[in-house]
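Undergrad: So you can see what is in the structure, the chains are spelled out below.
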Amino acid sequence: AAGVIQSPRHLIKEKRETATLKCYPIPRHDTVYWYQQGPGQDPQFLISFYEKMQSDKGSIPDRFSAQQFSDYHSELNMSSLELGDSALYFCASSLVSGSTNEQFFGPGTRLTVL
Amino acid sequence: AQSVTQLDSQVPVFEEAPVELRCNYSSSVSVYLFWYVQYPNQGLQLLLKYLSGSTLVKGINGFEAEFNKSQTSFHLRKPSVHISDTAEYFCAVSDHSSGSARQLTFGSGTQLTVLP
Chain R
1 AAGVIQSPRH
11 LIKEKRETAT
21 LKCYPIPRHD
31 TVYWYQQGPG
41 QDPQFLISFY
51 EKMQSDKGSI
61 PDRFSAQQFS
71 DYHSELNMSS
81 LELGDSALYF
91 CASSLVSGST
101 NEQFFGPGTR
111 LTVL
Chain C
1001 AQSVTQLDSQ
1011 VPVFEEAPVE
1021 LRCNYSSSVS
1031 VYLFWYVQYP
1041 NQGLQLLLKY
1051 LSGSTLVKGI
1061 NGFEAEFNKS
1071 QTSFHLRKPS
1081 VHISDTAEYF
1091 CAVSDHSSGS
1101 ARQLTFGSGT
1111 QLTVLP
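If you read the sequences in order, they're chains R and C. Sequential numbering from 1 applies to the first sequence in the working numbering. Sequential numbering from 1001 applies to the second sequence in the working numbering.
Calculated from the structure, these hints are not laboratory results. One or more of the hints may lead you astray.
On the chain R side, residues computed to face chain C include the following (Cβ under 8 Å) [claimed, not checked]:
hint : residue
1    : 48
2    : 56
3    : 103
4    : 106
These numbers come from a predicted model, not from an experiment. The C-beta atom is built at its ideal place from N, Cα and C for all residues, glycine as well.
Based on the sequences and whatever the hints tell you, model everything.
TA: This is the structure we're talking about:
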């Protein structure tokens, strides 16, 4: 069965650079979520999109932005990167109309900021 | 708003012994409850979920969990663990709201280490 795809899997950037993370949800899923997991931390919700509109916003810095495109894939754009942005970034997708809110997670993108 | 407390950050247990990973939650509304497992350098895999109905939920890999509304708990259990169960386990909750996206709130995780 198709799963959530994230690219790239690993990314190394310098401080103050920008990064773009991509997420391709499971086909026919209408919702995408982004989470950030710092070293030794639990995943923290950043932002979600439902039917290409922003749905909820969590602890996402102003330096970050995201969007969901017409094909339902999503991109997380991160600017002015800081050392503290080094983390594992997960994307998850779900079918909200299915009403169980079961979220399927991608393998994550490991971002390292030097 | 919801919160999740995982009472044990690390649980060492010998192979073939039973294990219980504890999870308590706090919420002003009804919630869905989940347990996820994360193996080193991998993503999150759903073990089991409680949506409604029977309070005893069975998941993959022989795990089960029991929802206790009065104690606001959702403890994860396995009667006999294997070396391969060594991983980080996260309890999570989301609003019991249909028709809209609801993010997951995670606990801080419990590292289960199965010893030979």
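Undergrad: Hint check: is the beta carbon of residue 48 of chain R less than 8 Å from a beta carbon of chain C?
TA: holds, 5 Å
Undergrad: Is the interface hint satisfied for residue 106 of chain R? The criterion is a beta-carbon contact with chain C at less than 8 Å.
TA: holds, 6 Å
Undergrad: Is the shortest C-beta separation between residue 103 of chain R and chain C less than 8 Å?
TA: OK, holds: residue 103 of chain R within 8 Å of chain C, min 6 Å.
Undergrad: Per the CB criterion, is residue 56 of chain R less than 8 Å away from chain C?
TA: holds, 6 Å
The structure agrees with every numbered hint stated previously.
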